[in-house]
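Engineer: Sequence:
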Amino acid sequence: MTALGGPSLKNEEEENEDLFQDATDTLHEENKLIENNKFDYFEENYGGNGSGGWSEKSSSFCFDEEEPLEIFKGNVGNNSIKNKNNSFIKLNESSSSSKVENNLNQNLDLSKCKIILTEQQNLNNYKENTQPIIYSNLPISKRRSKIPPKPESHGLNLWSIMKNCIGKELTRIPIPVNFNEPLSMLQRITEDLEYSYLLDRASEKSDISERLAYTAAFAISCYSATAKRTTKPFNPLLGETFEFDRRADLGWRSLTEQVSHHPPAAAMFTESVNWELSQEFMVASRFRGKYMSVIPTGYTQIKFKDGKANFIFQKVTTTVHNIIVGKLWIDNHGTMNIVNHISGERATIKFHSYSYFSSDRPRKVEGIILDKKGNARFYIFGYWDNYLNIASINSQKNQQGKVLFETGEPKRIWTVNEPLGDSSMFNFTKLAIEMNEPDNSVAPTDSRFRPDQRLMENGDWDGANDRKNELENKQRKARREAEAETERAINNNQQPKEYEACWFQKVQDTNTGSVIHTIRGNEYWECKDKKDWSKCPNIY
1 MTALGGPSLK NEEEENEDLF QDATDTLHEE NKLIENNKFD YFEENYGGNG
51 SGGWSEKSSS FCFDEEEPLE IFKGNVGNNS IKNKNNSFIK LNESSSSSKV
101 ENNLNQNLDL SKCKIILTEQ QNLNNYKENT QPIIYSNLPI SKRRSKIPPK
151 PESHGLNLWS IMKNCIGKEL TRIPIPVNFN EPLSMLQRIT EDLEYSYLLD
201 RASEKSDISE RLAYTAAFAI SCYSATAKRT TKPFNPLLGE TFEFDRRADL
251 GWRSLTEQVS HHPPAAAMFT ESVNWELSQE FMVASRFRGK YMSVIPTGYT
301 QIKFKDGKAN FIFQKVTTTV HNIIVGKLWI DNHGTMNIVN HISGERATIK
351 FHSYSYFSSD RPRKVEGIIL DKKGNARFYI FGYWDNYLNI ASINSQKNQQ
401 GKVLFETGEP KRIWTVNEPL GDSSMFNFTK LAIEMNEPDN SVAPTDSRFR
451 PDQRLMENGD WDGANDRKNE LENKQRKARR EAEAETERAI NNNQQPKEYE
501 ACWFQKVQDT NTGSVIHTIR GNEYWECKDK KDWSKCPNIY
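According to this note's numbering, the sequence shown is numbered sequentially starting from 1.
Hints should not be assumed to be uniformly reliable.
[Claimed, not checked] Pair by pair, the computed Cβ-Cβ distance ranges are:
no. : residue 1 : residue 2 : range
1   : Gly408    : Lys308    : 16 to 26 Å
2   : Asp306    : Gln505    : 47 to 57 Å
3   : Asp466    : Ser423    : 24 to 34 Å
4   : Gly344    : Ser395    : 14 to 24 Å
5   : Asn417    : Ser206    : 24 to 34 Å
Because the hints were derived from the structure by calculation, they are not lab data. Each residue gets a CB set at the ideal place from its N, CA and C atoms; glycine is no exception.
Produce the complete structure using the sequences and hints provided.
Structural biologist: Okay, here's the thing in structure tokens:
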């Protein structure tokens, strides 16, 4: 018996199951078409290897997806600049050309931009310079080239775990390792550095606008791994760290630490010969049933040691589709604004959202680089899972309500690295395979020592799930004790003790005004040299 007007638990469960079944039936029909046709089509034809049906010639890029594209070939008529070997960028002008020019001198509105490229050379054979700038006299370590193949799936259904979690923060949802990859989120963040040679190339450019173009290419390349990897990295434990010293072969060393658990936040610092990268990785994430989105809220800062550029930006949104039914796939979308806080150069980069109804190839990205006076200097375009080209903007011209930018010949500056193995090795690239290789010289809090992650990599998924539960329960207990201590301090009119990260400290950033974590000098590396890890917490 239940109270009048109060449904029983059984009825609620039946209602949820009916709702789920209806949603599944509908989505199954929708996804049958998308998964079997459009998605497979662009994977087969444009699957990240630079081949398959996409011609560089007469390709069109348009920021405004609502308007029809104008395609120019060779001689494009009296209303354009006649140069068959060049490309053109056309902006829709408002009622007066001065308004457009004023916009260019401030923030570029990409929704009013139209880009038409004509008669390009074939860039697929272009070989960009990927040589890193390295530290001298350091021995190069031999690293592994494979990981144990993952076992057969245990047949778990993701929806069966997540259907009761709609609207919740993703980091609070306990998910078995069956849906993970054997890397921590700290290691996944460090993967951003896979194409660090782009920052080395940027450091060699005396033209700061061109330096910004290469830095923008680096920022875009950070998303390339998401094209073929839909597995979830392990959520870091509070105090977990990951260091990666690649000075000998890649020219940088990096340290990342989980500095907050709720809300989750990680701080990262990387130093190279000519540049430094700092990152405060925080996200707002939500599961909405059919998809889940991860919205970064922290900042990435890339500072060049010659003092001429300090580029700051926020990342764009990542969305995982087909949670209920169909093939999981990831899209990155939104607008990224990169600003030089020293002299004012800026880049506006648009990641185009995937649309089934669009004739464009998916995963398109493009942007404009402005100099410190607001003049358009470079155009960057390509696909975040495949390649990027840049072209200089040599001149601009107002004609019949339009602003035309004449560009020079484009050049290929980035091409994606293909995975070393197949899905049995999680589609890891060379760098990803090397990340979790055991190293006894690192801090005891390092992700390499995390037992559940190591068990999973070795194929013991049942053991990994057991250890994962133990670690999470240990962390929950520590958090409850900290909360109780805070409550006691407040009741005694005392200042509660705030958690302090081990290797990073809180400061207020003068450029963004936000509170960030910065590295505590060389303290970590000095402790490593001394083999003194006494200040590290016992988290495993």
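Engineer: Compare the structure with each hint and give your call.
Structural biologist: Right, here's what the structure says about each hint:
Checked against the hint of 16 to 26 Å, the pair Gly408 and Lys308 passes, with Cβ atoms roughly 23 Å apart. Checked against the given bound of 47 to 57 Å, the beta carbons of Asp306 and Gln505, roughly 26 Å apart, lie outside it. Separation of Asp466 from Ser423 is about 25 Å and conforms to the stated range, judged on CB atoms against 24 to 34 Å. Here the CB-CB span from Gly344 to Ser395 is close to 22 Å, well matched to the stated 14 to 24 Å.
Checked against the hint of 24 to 34 Å, the C-beta distance between Asn417 and Ser206 comes to roughly 29 Å, which is consistent with it.
This entry does not satisfy hint 2, going by the numbered hints stated previously; all others are met.
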